[in-house]
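J.: One-letter residues, chain by chain:
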Amino acid sequence: MPPELLRMIIAAVLVVAFVFLNAMILGYMERKVSAHIQRRPGLMEVGPHGVLQLLIDGFKLIGKQLVVPEASNKFLFRLAPILSFAPCVLPFVVIPFAQKLQIASMDISLIFILAMTSINVIAILVAGWASNNKYSLFGTFRSVAQAVSYEIPLLLSILSIILITNTFSLQGIIAAQKYYWFILIQPLAFIIYFISGLAETNRAPFDMPEAESELTAGFHTEYSGMGFSFFFLAEYANMFTVCSIATVLFLGGWKGIPLPLGDYTGIFWFMLKVYGLLFVMIWIRWTFPRVRFDQLMTFCWKYLIPFSLANLLITAVLVKLI
Amino acid sequence: MGNLAENNTLHADLEPAIDIPSDNHYYLNMGPQHPSTHGVLRVLLEMDGEYVVEAQPVLGYGHRMQEKMGELKNWRAFMPNTGRMDYAAALQYNHGYVGLYERLCGIEVPARAEYIRVITSELNRIVSHHLWIGAMLLDMGAFTPILYTFDDREQVLDILEDVTGSRLTYCYFRVGGVCKDIDDNFIEKTRAFIKRQRERFDIYNDLVTGNIIFIKRTEGIGIISPDMARRYGVTGPVLRGSGIAYDVRKNEPYSVYPNFDFEIPVGQNGDSYDRYMVRLEEIEQSLRIIEQALDQLPDGPFLGKVPKKLKMPTGDCSFAVEAARGELTYYLVSGGGDIPYRLKIRVPSYSNLSVLPELCQGMLLSDLVAAMGSMDLVIPEIDR
Numbered sequence: 103m104p105p106e107l108l109r110m111i112i113a114a115v116l117v118v119a120f121v122f123l124n125a126m127i128l129g130y131m132e133r134k135v136s137a138h139i140q141r142r143p144g145l146m147e148v149g150p151h152g153v154l155q156l157l158i159d160g161f162k163l164i165g166k167q168l169v170v171p172e173a174s175n176k177f178l179f180r181l182a183p184i185l186s187f188a189p190c191v192l193p194f195v196v197i198p199f200a201q202k203l204q205i206a207s208m209d210i211s212l213i214f215i216l217a218m219t220s221i222n223v224i225a226i227l228v229a230g231w232a233s234n235n236k237y238s239l240f241g242t243f244r245s246v247a248q249a250v251s252y253e254i255p256l257l258l259s260i261l262s263i264i265l266i267t268n269t270f271s272l273q274g275i276i277a278a279q280k281y282y283w284f285i286l287i288q289p290l291a292f293i294i295y296f297i298s299g300l301a302e303t304n305r306a307p308f309d310m311p312e313a314e315s316e317l318t319a320g321f322h323t324e325y326s327g328m329g330f331s332f333f334f335l336a337e338y339a340n341m342f343t344v345c346s347i348a349t350v351l352f353l354g355g356w357k358g359i360p361l362p363l364g365d366y367t368g369i370f371w372f373m374l375k376v377y378g379l380l381f382v383m384i385w386i387r388w389t390f391p392r393v394r395f396d397q398l399m400t401f402c403w404k405y406l407i408p409f410s411l412a413n414l415l416i417t418a419v420l421v422k423l424i
Numbered sequence: 003m004g005n006l007a008e009n010n011t012l013h014a015d016l017e018p019a020i021d022i023p024s025d026n027h028y029y030l031n032m033g034p035q036h037p038s039t040h041g042v043l044r045v046l047l048e049m050d051g052e053y054v055v056e057a058q059p060v061l062g063y064g065h066r067m068q069e070k071m072g073e074l075k076n077w078r079a080f081m082p083n084t085g086r087m088d089y090a091a092a093l094q095y096n097h098g099y100v101g102l103y104e105r106l107c108g109i110e111v112p113a114r115a116e117y118i119r120v121i122t123s124e125l126n127r128i129v130s131h132h133l134w135i136g137a138m139l140l141d142m143g144a145f146t147p148i149l150y151t152f153d154d155r156e157q158v159l160d161i162l163e164d165v166t167g168s169r170l171t172y173c174y175f176r177v178g179g180v181c182k183d184i185d186d187n188f189i190e191k192t193r194a195f196i197k198r199q200r201e202r203f204d205i206y207n208d209l210v211t212g213n214i215i216f217i218k219r220t221e222g223i224g225i226i227s228p229d230m231a232r233r234y235g236v237t238g239p240v241l242r243g244s245g246i247a248y249d250v251r252k253n254e255p256y257s258v259y260p261n262f263d264f265e266i267p268v269g270q271n272g273d274s275y276d277r278y279m280v281r282l283e284e285i286e287q288s289l290r291i292i293e294q295a296l297d298q299l300p301d302g303p304f305l306g307k308v309p310k311k312l313k314m315p316t317g318d319c320s321f322a323v324e325a326a327r328g329e330l331t332y333y334l335v336s337g338g339g340d341i342p343y344r345l346k347i348r349v350p351s352y353s354n355l356s357v358l359p360e361l362c363q364g365m366l367l368s369d370l371v372a373a374m375g376s377m378d379l380v381i382p383e384i385d386r
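Protein chains in written order, with the numbering used here: chain A, 103 to 424; chain B, 3 to 386.
Worth double-checking, as some hints may not be accurate.
[Stated by the list, open to error] The following residues of chain B were derived to be distant from chain A, with all beta-carbon distances above 12 Å:
| no. | residue |
| --- | --- |
| 1 | Met49 |
| 2 | Lys70 |
| 3 | Arg114 |
| 4 | Asp141 |
| 5 | Ile148 |
| 6 | Phe216 |
| 7 | Glu254 |
| 8 | Glu265 |
| 9 | Ile266 |
| 10 | Pro300 |
| 11 | Pro303 |
| 12 | Gly337 |
| 13 | Leu366 |
| 14 | Asp369 |
[As the list claims (entries may be wrong)] Pulled a few chain A residues facing chain B out of the computed Cβ check, cut under 8 Å:
| no. | residue |
| --- | --- |
| 15 | Leu145 |
| 16 | Lys236 |
| 17 | Arg305 |
| 18 | Lys357 |
| 19 | Arg392 |
| 20 | Gln397 |
Keep in mind that the hints were calculated from the coordinates and are not lab data.
On a predicted model such as this, the values are computed, not experimentally measured, just so you know.
Ideal placement from N, C-alpha and C gives every residue a C-beta, glycine not left out.
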């Protein structure tokens, strides 16, 4: 077996393992943080402070029967969770966890990640359509409109960083932040990116597609067992991807104060920054009510896009002058 | 949309009251099992995309023949049922029922009993509003406020449990008084709660009232004009949110309410935000009433002399109280004896819900949920 192939197989296994681990950590974090925000202890039963609860939940979901509705399009219904899960694993291939820890280094890694995260919309569209449920279809309509709209400010805010660094390579962007983080010179782009990221991952207060008080569970109303857990895993993997791009673009990636951890210093700082941003996402979710759908679109088209365009223009002029 | 069109005809068979919609419209069944109808209410919606064209509430999933049961039993046997109609504010239902018999038979109630009734009823009103704030915010997608209001709610429930023996479906009042006296411990705990609740308003305001998303979701949404409110017989905080200062406690005083100094909070626009503010202010007014009642609390018996078997005079009688959701009226026709010939219960949520079809025309589905949440419907009370 050629060593390059072996390396890719090991990497693929590691990535999938990490996606599952990440979902468990984030699931635990979300339930624990929300509990403390709501002044209750949260998970306490399984293991010390409930750390094994998510593992047990995982086993439970695997054991559940996959109910396929009678009137659904059965092929598409089964395809949707896989379509949602598979592309969200791929960005992990190019995320630079540390200076030397990146499975594949591409010159266009940023574009690759953005392309992969966009496929999730199609999975939601397929899921909502195939379920043959009005609530699912509602969630799907909202989700597609929302994801397509918020992609624009997301990309515009990333473009202003690209103008400064002249590269799409994530390692290159980190290398460009030698003396300062880009959040200092591009604070507006960071805010726009983060808000669009929340919308892109369907997180509250933009969780229209699964607004449970209106649509019961939105596009995944009809899914049970592993069908549901694939959407769940994909959501958490996407959150991680969005936050790791934010870390790379605006917070200096794996760079940080040197610690006596050897090669692990980079990964320590990277994870700290990513999970810090994830904590903020969770914090927002458990504090705010949900916005209305038309307000969401208004906010995107009337505020985020003009501001990100202006930001891009100013950046371009300044880059040209300097 | 092939399958959806078939579903439409299916529902149209079930509901002949609404015509089969045109091609662009479709039906959406909200309920009877839906997370934001708070019980078994079913609303049949005719939708055009995200907009509601027409809504038709379908009632009766929780019908328990409460009125008929009231016509088969004497007051003692029916008493526990009263607390099971509006489970969120059961004591006011107790109060209306015993008040009815007292008015009909001319039974004297000791002053202390009346004060205890007012104190516990107002505590119950606060509990009900706590539940409502949490539930409404839950409808709008905010999970956290309900845990904060329930934290306060638990304090009151503990106090009420000490004196009434139950936490939700109370059966505490009796014709002629109440069944158990309050003690110093109760008074002390209630005073502590009043102090605590006043401090908690700041938390509510920080978390909810000032939140830009909350304001955007409620201001100008679900406007009930004073005229519309009158036409449908809307009462309670929903009516007061529309700017009409009608409160049974002031307009038709019963019990010892005239002894207390309190205000009727009113809104200006009649939107969901006003209804929220009115209820928040009502908690403060209830605290004021409780404070004054505790200061004035007289000594004496807590249960007057009432014959074992009540002898009702022939005739009819009605008695209205201000329940947490609006005006609650019991109407009774007696043919003598101790069992009524006819018992009619006028519940506030029923009239408040009847506004919905007119209110929600052209509304977004999300707004419908928020507007319905702001009306504070308790479905078992409607179905009774």
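J.: All hints are to be evaluated individually against the structure, with a verdict given for each.
T.: Hint check results:
1. Met49: violated (8 Å)
2. Lys70: holds (35 Å)
3. Arg114: holds (38 Å)
4. Asp141: violated (5 Å)
5. Ile148: violated (9 Å)
6. Phe216: violated (5 Å)
7. Glu254: holds (37 Å)
8. Glu265: At roughly 29 Å from the nearest Cβ of chain A, Glu265(B) sits farther out than 12 Å, so the non-interface label holds.
9. Ile266: Answer for Ile266(B): holds, closest chain A Cβ roughly 28 Å.
10. Pro300: holds (39 Å)
11. Pro303: Holds, since 42 Å exceeds 12 Å.
12. Gly337: Consistent with the label, Gly337(B) stays out of reach of chain A, its closest Cβ about 48 Å off (over 12 Å).
13. Leu366: violated (6 Å)
14. Asp369: For Asp369(B), whose nearest Cβ neighbour in chain A is about 7 Å away, the distance does not exceed 12 Å, so it is violated.
15. Leu145: Status violated, d = 16 Å.
16. Lys236: Since the shortest Cβ distance to chain B is 6 Å, the answer is holds.
17. Arg305: Since chain B brings no Cβ nearer than about 12 Å to Arg305(A), farther than 8 Å, the hint is violated.
18. Lys357: violated (35 Å)
19. Arg392: Holds - the Cβ of Arg392(A) comes within 8 Å of chain B, reaching about 3 Å at its closest.
20. Gln397: With a minimum Cβ separation of about 6 Å from chain B (threshold 8 Å), the hint on Gln397(A) holds.
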